[in-house]
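Enquirer: Model the full structure from these sequences, guided by the hints.
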Amino acid sequence: MKVRVDTSKCIGCGKCKEVCPVGVFEIIDGKSHPVNAEACVICRACIMNCPVNCIEISSREVRVM
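Following numbering that gives the first Met the number 0, the numbering of the sequence shown begins with 0 at its first residue and continues without gaps.
The set of hints was computed from the structure by calculation and includes no laboratory data.
Backbone N, C-alpha and C define an ideal beta-carbon position, used for all residues, glycine too.
Careful, some of the hints might be misleading.
Stated by the list, open to error - Below, computed lysine-lysine pairings styled on DSSO-like, alpha-carbon distance capped at 30 angstroms:
1) K30 with K8
2) K16 with K30
3) K1 with K14
Stated by the list, open to error - Computed beta-carbon distance windows for the label pairs:
4) E55 with E17: 17 to 23 angstroms
5) G29 with S58: 27 to 33 angstroms
6) P50 with E25: 17 to 23 angstroms
7) N52 with G29: 16 to 22 angstroms
8) K1 with I27: 14 to 20 angstroms
9) E55 with G22: 16 to 22 angstroms
10) I26 with K1: 16 to 22 angstroms
11) P20 with E55: 17 to 23 angstroms
12) D28 with S58: 24 to 30 angstroms
13) V34 with K8: 14 to 20 angstroms
14) I27 with E55: 17 to 23 angstroms
Expert: Structure below.
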């Protein structure tokens, strides 16, 4: 999984960290950062609880050569 946080929109409220069941997020310098993105189980709790809609979850692209 690829978990992205648009730090230009993030207000550092910590809701994502609070609701994430697997500890993907940490608040660093007042902004949320996905420090454990590989643990993401795609529950979307972070997205549903973010008051500024700054979190995006997408699957990694698989490249075929």
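Enquirer: Quick one: which hint numbers does this structure break? Sort them smallest to largest.
Expert: Per hint list: zero violations.
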